[in-house]
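> In the numbering used here, the protein residues as written are 4 to 227.
Hint data in this document are derived by calculation from the structure and do not stem from the laboratory.
It should be emphasised that the depicted structure is a prediction, and the values quoted were computed from it without experimental measurement.
Just so you know, even glycine gets a beta-carbon here, dropped at the ideal spot from N, CA and C.
Please note that a few of the clues may not be correct.
Derived CB-CB ranges, DEER-like [what the hints assert, rightly or not]:
id	residue 1	residue 2	range
1	E163	G50	35 to 43 Å
2	T72	K151	40 to 48 Å
3	E163	A92	15 to 23 Å
4	T57	E163	33 to 41 Å
5	G50	K109	49 to 57 Å
6	Q99	K156	16 to 24 Å
7	K115	N155	32 to 40 Å
8	E54	I104	34 to 42 Å
9	I195	R217	31 to 39 Å
10	A35	K109	54 to 62 Å
11	S138	A102	17 to 25 Å
12	T72	M211	55 to 63 Å
13	L147	L66	32 to 40 Å
Cross-link-like lysine to aspartate or glutamate pairs, in silico, EDC-like; alpha carbons within 20 Å at most [as the list claims (entries may be wrong)]:
id	residue 1	residue 2
14	K64	E108
15	K151	D162
16	K45	D69
17	K109	D142
18	K77	E36
19	K45	E58
20	K166	D135
21	K151	D135
22	K64	E54
23	K96	E58
24	K96	E108
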Amino acid sequence: MLRTYCFVMLIFAPVLLQAAHITDKLLAGMYAEPSSAGAPIKLLPSGTPVELQTEKAGFVKILLVDGQTGWVEKRFLSDEKPSKVRLLALQSKYRQQQAKIGLYEKELLSLKKQNNADAVTKSNKNDKRLKDLGSALSDSKASLLVIKAENNKLLSQLDELVKTSLTKKQPPKPISVKPVQPAEQPYSVYWILLIIPVCLVVGLVWGMRMQDERQLQKHGGFRI
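Can you build the whole structure from these sequences, using the hints too?
Here you go:
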């Protein structure tokens with residue numbers, strides 16, 4: 004584990020010298036066996052989605068999206084998304100809201116110009132459209148203000164995590180891994196094992212009876 008930590012620090016040393024602050028990005032080593040004695044087969048960045056399979060000796064066997072499997076220390080796994088991942092998702096939503104507001108504003112301006120040039124008979128229809136667009140624009144601006152507040156809150160949390168990581172490195176909250184329970188054997192197998200001998204006996208009795216009837220027909224109804 005110490006070798007992995009030193010390897011990660013060497014990779015990010017130039018970035019730390021040039022950047023204004025340190026991010027909360029973490030690279031967790033994935034091993035072929037439930038042990039950190041050897042070199043990791045892959046380094047997983049913070050926020051990588053995985054599927055938990057089984058747990059052994061403080062390690063958890065995981066399945067990646069591309070189908071690759073390996074072992075990761077349990078203390079690196081958490082149900083909660085990292086702050087960096089939440090921040091990126093929120094920023095994406097923020098940009099989408101800004102683009103939507105831009106479209107509403109363009110359409111609102113176009114309808115205002117059209118409303119001034121149209122005849123009186125068409126003005127009522129445009130006024131209704133303007134009212135609808137104005138309401139949609141107000142809702143989008145309100146949503147944008149909420150997203151801005153959440154964005155600032157996450158930025159503050161991210162800065163706090165950065166300051167905390169400089170003084171004390173806290174592992175993420177571990178999660179419990181439930182072992183996969185083997186499927187119970189259906190009861191139909193036992194019924195089949197009981198029915199087979201019965202069918203054999205019934206078939207044997209039926210065959211003997213048919214043979215007896217054929218003998219009676221052959222000899223005129225008399226048994227030999």
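> Could you run down the list of hints and mark each one as holding or not?
Verification of the hints:
no., hint, result
1, E163 with G50: 35 to 43 Å, "violated (18 Å)"
2, T72 with K151: 40 to 48 Å, "holds (41 Å)"
3, E163 with A92: 15 to 23 Å, "holds (19 Å)"
4, T57 with E163: 33 to 41 Å, "holds (35 Å)"
5, G50 with K109: 49 to 57 Å, "violated (36 Å)"
6, Q99 with K156: 16 to 24 Å, "holds (19 Å)"
7, K115 with N155: 32 to 40 Å, "holds (33 Å)"
8, E54 with I104: 34 to 42 Å, "holds (38 Å)"
9, I195 with R217: 31 to 39 Å, "holds (32 Å)"
10, A35 with K109: 54 to 62 Å, "holds (56 Å)"
11, S138 with A102: 17 to 25 Å, "holds (19 Å)"
12, T72 with M211: 55 to 63 Å, "holds (60 Å)"
13, L147 with L66: 32 to 40 Å, "holds (39 Å)"
14, K64 with E108, "violated (52 Å)"
15, K151 with D162, "holds (17 Å)"
16, K45 with D69, "holds (13 Å)"
17, K109 with D142, "holds (16 Å)"
18, K77 with E36, "holds (13 Å)"
19, K45 with E58, "holds (19 Å)"
20, K166 with D135, "violated (47 Å)"
21, K151 with D135, "violated (24 Å)"
22, K64 with E54, "holds (9 Å)"
23, K96 with E58, "violated (36 Å)"
24, K96 with E108, "holds (18 Å)"
Hint check: violations occur at hints 1, 5, 14, 20, 21, 23; the rest are consistent with the structure.
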